[in-house]
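Residues per chain are reported as follows:
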Amino acid sequence: MKLNINGRERNLEADPEMPLLWALRDVLGLTGTKFGCGIAQCGACTVHIDGVPSRACQTPVGTLDGAKITTIEGIEDRVAKAVQAAWTKLDVPQCGYCQSGQIMSAVALLRDNAKPTDADIDAAMAGNLCRCATYQRIRAGIHEAAKSLA
Amino acid sequence: MFANRFLAQRQLGTKRFRPSRRMFLAGTAAAGAGLTIGFAVPGANAQAPAAAAAVNPFGAHIRIGTDNTVTVLSAHMDMGQGAYFGIATLVAEELDAARSQLRVEGASGNLAAYGNVAWGGFAQGTGGSTAMASSWERYRRAGAICRAMLVSAAARAWNVPANEIAVKDGTLFHGPSGRGATFGAMADAAAAEPVPQTVSLKAPGQWTRIGNPAYRRLDSADKSTGKQQFTIDVRLPGMLIAVPVHAPVFGGKLKSFDAAAAKAVAGVVDVVTTSRGLAVLATNTWAARTGAEAIKAEWDQTGAETRSSDAILASYRARVDAAGEHVAASRGNADAALGRATRTLEATYEFPYLAHAALEPLNAVVRRQGDIVEIWGGHQIPDLYAGLAAQALGMSPANIRMHVMKTGGGFGRRAVTDGDVVVEAAEIAKAIGFRAPVKLQWTRETDMAGGRYRPAAVHKLRVGLDAAGNIAGWQHRIAAQSILIGTPFEGGLVKNGVDATSVEGAADTLYALPDLRVEITNMVSPVPVLWWRSVGHTHTAYVMETMIDEIAAATAKDPVALRRQLLAGHPRHLAAIDLAAARAGWGTPLPAGRFRGFAAHESFGTSVGMVAEISMGAGNAFKVERIVAGVACGTAINPDNVRAQVEGAVGFGLGAILREGVTLDGGRVVDTNYDGYRPLRIDEMPKVEVHIVASTAAPTGIGEPGVPPVGPAIANALAAATGKRVRLLPFEKGLST
Ligand code: FES
Ligand code: FES
Chain A
1 MKLNINGRER
11 NLEADPEMPL
21 LWALRDVLGL
31 TGTKFGCGIA
41 QCGACTVHID
51 GVPSRACQTP
61 VGTLDGAKIT
71 TIEGIEDRVA
81 KAVQAAWTKL
91 DVPQCGYCQS
101 GQIMSAVALL
111 RDNAKPTDAD
121 IDAAMAGNLC
131 RCATYQRIRA
141 GIHEAAKSLA
Chain B
151 MFANRFLAQR
161 QLGTKRFRPS
171 RRMFLAGTAA
181 AGAGLTIGFA
191 VPGANAQAPA
201 AAAAVNPFGA
211 HIRIGTDNTV
221 TVLSAHMDMG
231 QGAYFGIATL
241 VAEELDAARS
251 QLRVEGASGN
261 LAAYGNVAWG
271 GFAQGTGGST
281 AMASSWERYR
291 RAGAICRAML
301 VSAAARAWNV
311 PANEIAVKDG
321 TLFHGPSGRG
331 ATFGAMADAA
341 AAEPVPQTVS
351 LKAPGQWTRI
361 GNPAYRRLDS
371 ADKSTGKQQF
381 TIDVRLPGML
391 IAVPVHAPVF
401 GGKLKSFDAA
411 AAKAVAGVVD
421 VVTTSRGLAV
431 LATNTWAART
441 GAEAIKAEWD
451 QTGAETRSSD
461 AILASYRARV
471 DAAGEHVAAS
481 RGNADAALGR
491 ATRTLEATYE
501 FPYLAHAALE
511 PLNAVVRRQG
521 DIVEIWGGHQ
531 IPDLYAGLAA
541 QALGMSPANI
551 RMHVMKTGGG
561 FGRRAVTDGD
571 VVVEAAEIAK
581 AIGFRAPVKL
591 QWTRETDMAG
601 GRYRPAAVHK
611 LRVGLDAAGN
621 IAGWQHRIAA
631 QSILIGTPFE
641 GGLVKNGVDA
651 TSVEGAADTL
661 YALPDLRVEI
671 TNMVSPVPVL
681 WWRSVGHTHT
691 AYVMETMIDE
701 IAAATAKDPV
711 ALRRQLLAGH
721 PRHLAAIDLA
731 AARAGWGTPL
741 PAGRFRGFAA
751 HESFGTSVGM
761 VAEISMGAGN
771 AFKVERIVAG
781 VACGTAINPD
791 NVRAQVEGAV
801 GFGLGAILRE
811 GVTLDGGRVV
821 DTNYDGYRPL
831 RIDEMPKVEV
841 HIVASTAAPT
851 GIGEPGVPPV
861 GPAIANALAA
871 ATGKRVRLLP
881 FEKGLST
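Order-wise, the sequence lines are chains A and B.
Under the numbering used here, read the first sequence as residues 1 to 150, first letter to last.
Under the numbering used here, read the second sequence as residues 151 to 887, first letter to last.
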């Protein structure tokens, strides 16, 4: 099976039922994408599939033929850089475990909506759990990134 | 966590908890391996504090590389609370290191160097919000000593007087000769210098990093790019992943199993038994997990917990109607005072089991190479875990190497007295003859159904009021399961049947209550319980602070004024209260539909005053709009991290009071993932403002103390809005009944 990940064709020998999450982490060694729940409830495993934020834990690799997959290791456009810079500037992460997923969701939000309100942020980010509850800084980080991109 | 008890014991006299050796021996006995293995944990034989002077911090606490890196070896693990950065700040301040050259690593295996000073130095561990208190002198002194050694090496090399050498941002300068060198260039020579016995530390006025909100965390970039490594990310050549199968009820034991279907799963290579059940090993996590789901097992439920959580709590409620088993605090004569009261307030409160639900499910990695076994994990008490793993493996602790990893949250869950996942991983590695490195990875479901919850508790209060509205008698009964009884920590920390972690925050209340009696009944169940971010304070503060509010309402007093009146003589606590009240505009008018509530609580040496502002919707629906906190934590080493910890504590505490609770049905955990057990999400996060009481006193805790006042501040706001007192938690349950 071939997967297009972060702009590269990768050969993958895996059960087509295997969720992308485990293919990334265990087979391909891309460990930035995290496991939190396995049932699309926490968002720790968020990646972009053809630009759309998706839960890798619920996406069998067999469904990804021809799809372009981007993980935290591969996001590098202006928006992503702005989000990561804002996250670092405001020290958003505590344990940091959820933050790959938070950032993937935040980048997708800002690509669609250059100037999100708090309500837009809450709606777009409600699928990403942060047990450390860094939510206030996530909101601030998204506003900060939006400002720097304007 | 448990460490606050060490502090309390210490105030009573160090001798009372000196028996750390006994504590560890008891641990061995409890683990069932007899006394012969002892706790031959490196350095554990009670020599710790005396030997501390012999530790050379150049090497033990700070490593300076010829590549000019400064690596701080941290005695405390980092679960997100920022301990690594706090310790690095202390070192950098005294060493005058550049921020860019700092690295931090977890250390273990040297009790004299890493024993928790706030616990008396008798064990290395992270807990009880003590990391900064424990590190305050140790790591500043380490920085100052290493700086002095670098300076004397440079003086020797350049043949100039040491007092002419200046140090700035990782560089040594000699003005008169114009010579200079980096730390890295002088590192080897400095290591050979004698260790100065006395060094002076900077005065607060000289600090440029401590207390500076612009001095920022070191790990945010790695945590924003996916580079931060957690235990789940450890990958070793040939490594197998193990997913466990545990009994469906607490106390269940494996009777028989059929692994045929599991072994048929592609990628599964083995199925082994452990002391807790089974583990399925595979070449990847997906296969291991699929295999674990395919296991058919029979469990012996003799002696297991098969009641529902409702039945368990009903037994607690029945128990608090009678006098408690043990008296945890007694001042004056509560009964006599209540007898004289003209009015009595009576209330019963019910608190559910709570899960830590940290986002990284529990895990540990074990590898043997030659005689040496390495264990990667979120080792909160590393030497203890090394000793327990050694016991499970039948080998010497001297041959165990612990890799202390950062963890994806913790909240107390990785501080365990039995080694837990570390021992389980060791058993699995042993069961396959160490033929491959093993990563034991729990699923979310294993984690949530794995117990070690915040104990469920029921409180019953009777508070008397006299004709003038003064408090006349306070009788407080608590029924809760003890965290410490039956663990290696029991000896030092449970006195006369009273587990201090069950009654902290009530038995040692700061309020002037001259006629007080606090009673505790230790309820028993196979459901394992543990410290959960702020431990006993999670329920005692709720009871104390909502009752104070109720008394204020019953006697037509302002809740903040009443607290001031009852807290005279506690200036630091009052400072936190006053700061929160002032910044929140306590007493000023609010827009229609908005209401405020107040709470304040001291825990882990830190006082937090908190104002909650809520808006009411239809019926009982409400939204928490704003939280304003005043925090007195001594020196705020990293003020921005103090703010971050309290912001996080608000979200953590709010989720818990709104909805969290572990429900058992026939002993089985009902909600085993985030669809049923629902921590706070972003759309319910209020605006949080954190204000810090200025201080240059020694630092106290900050990881936990933000949690206790959250629930009662919100409950008091809701009472202000509706008159309704929520005493059955979580609110989702309490407001619907
Ligand atoms: S691991 Fe995929 S959403 Fe939680
Ligand atoms: S930063 Fe810890 S879970 Fe989000």
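Since the hints were made in silico from the structure, they are not lab data.
None of the values given here were measured: they were computed from a predicted structure.
Take these hints with a grain of salt, some might be off.
[What the hints assert, rightly or not] Computed Cβ-Cβ distance ranges for the label pairs, DEER-style:
(1) A742(B) - A126(A): 26 to 36 angstroms
(2) R366(B) - R10(A): 43 to 53 angstroms
(3) R551(B) - P16(A): 36 to 46 angstroms
(4) D319(B) - A126(A): 39 to 49 angstroms
(5) P16(A) - K318(B): 57 to 67 angstroms
(6) R366(B) - D112(A): 24 to 34 angstroms
(7) A123(A) - R585(B): 45 to 55 angstroms
(8) R366(B) - K2(A): 39 to 49 angstroms
(9) D112(A) - D833(B): 27 to 37 angstroms
(10) G873(B) - P16(A): 40 to 50 angstroms
(11) A123(A) - R366(B): 43 to 53 angstroms
[As the list claims (entries may be wrong)] Negatives, chain B to chain A, calculated, CB over 12 angstroms:
(12) A204
(13) F235
(14) R367
(15) A411
(16) R439
(17) T440
(18) A473
(19) H476
(20) A479
(21) A491
(22) E496
(23) P511
(24) N549
(25) R594
(26) A794
(27) D833
[Stated by the list, open to error] Under the rule of at most 30 angstroms between Cα atoms (straight-line distance), these lysine-lysine pairs were calculated in the DSBU-like manner:
(28) K81(A) - K707(B)
(29) K837(B) - K147(A)
(30) K773(B) - K115(A)
(31) K81(A) - K115(A)
(32) K115(A) - K837(B)
(33) K874(B) - K773(B)
(34) K89(A) - K115(A)
(35) K147(A) - K405(B)
(36) K403(B) - K413(B)
(37) K707(B) - K837(B)
(38) K446(B) - K352(B)
(39) K413(B) - K2(A)
(40) K377(B) - K68(A)
We put the beta carbon where it would ideally sit given N, CA and C, even for glycine.
Each hint tested on the structure:
1. A742(B) - A126(A): 26 to 36 angstroms: 28 angstroms, holds
2. R366(B) - R10(A): 43 to 53 angstroms: 36 angstroms, violated
3. R551(B) - P16(A): 36 to 46 angstroms: Holds - the Cβ-Cβ distance for R551(B) and P16(A), about 40 angstroms, lies within 36 to 46 angstroms.
4. D319(B) - A126(A): 39 to 49 angstroms: 43 angstroms, holds
5. P16(A) - K318(B): 57 to 67 angstroms: 59 angstroms, holds
6. R366(B) - D112(A): 24 to 34 angstroms: About 30 angstroms separates the Cβ atoms of R366(B) and D112(A), which means 24 to 34 angstroms holds.
7. A123(A) - R585(B): 45 to 55 angstroms: Roughly 50 angstroms apart at Cβ, these two residues keep to the hinted range, so it holds.
8. R366(B) - K2(A): 39 to 49 angstroms: 42 angstroms Cβ-Cβ, so the 39 to 49 angstroms window holds.
9. D112(A) - D833(B): 27 to 37 angstroms: 18 angstroms, violated
10. G873(B) - P16(A): 40 to 50 angstroms: 60 angstroms, violated
11. A123(A) - R366(B): 43 to 53 angstroms: 30 angstroms, violated
12. A204: 35 angstroms, holds
13. F235: 9 angstroms, violated
14. R367: 5 angstroms, violated
15. A411: Its Cβ never comes within 12 angstroms of chain A, the nearest being 16 angstroms, so this holds.
16. R439: Label violated. Min Cβ-Cβ 8 angstroms, cutoff 12 angstroms.
17. T440: Given that some Cβ of chain A is not farther than 12 angstroms from that of T440(B), nearest at about 8 angstroms, it is violated.
18. A473: For A473(B), whose nearest Cβ neighbour in chain A is about 39 angstroms away, the distance exceeds 12 angstroms, so it holds.
19. H476: 35 angstroms, holds
20. A479: At roughly 33 angstroms from the nearest Cβ of chain A, A479(B) sits farther out than 12 angstroms, so the non-interface label holds.
21. A491: Per Cβ check, A491(B) is outside 12 angstroms of chain A; nearest 41 angstroms; holds.
22. E496: Non-interface label on E496(B) holds, nearest chain A Cβ at 35 angstroms vs cutoff 12 angstroms.
23. P511: About 7 angstroms separates P511(B) from the closest Cβ of chain A, which leaves it inside 12 angstroms; violated.
24. N549: At about 29 angstroms from chain A, N549(B) clears the 12 angstroms cut-off, so the statement holds.
25. R594: 5 angstroms, violated
26. A794: Given a closest Cβ separation of 6 angstroms, the condition is violated.
27. D833: 4 angstroms, violated
28. K81(A) - K707(B): 54 angstroms, violated
29. K837(B) - K147(A): This hinted pair holds, its Cα atoms lying about 20 angstroms apart.
30. K773(B) - K115(A): 25 angstroms, holds
31. K81(A) - K115(A): Distance of about 16 angstroms is within 30 angstroms: holds.
32. K115(A) - K837(B): 20 angstroms, holds
33. K874(B) - K773(B): OK: K874(B) and K773(B) at ~16 angstroms, within 30 angstroms.
34. K89(A) - K115(A): Within the cut-off at roughly 19 angstroms; holds.
35. K147(A) - K405(B): Between K147(A) and K405(B) the Cα gap is close to 62 angstroms, so the pair fails against 30 angstroms, i.e. violated.
36. K403(B) - K413(B): Given that 30 angstroms is the threshold and the Cα spacing comes to 22 angstroms, the pair holds.
37. K707(B) - K837(B): 28 angstroms, holds
38. K446(B) - K352(B): The hint is violated at about 64 angstroms.
39. K413(B) - K2(A): 27 angstroms, holds
40. K377(B) - K68(A): The given pair, whose Cα atoms are some 22 angstroms apart, holds under the 30 angstroms limit.
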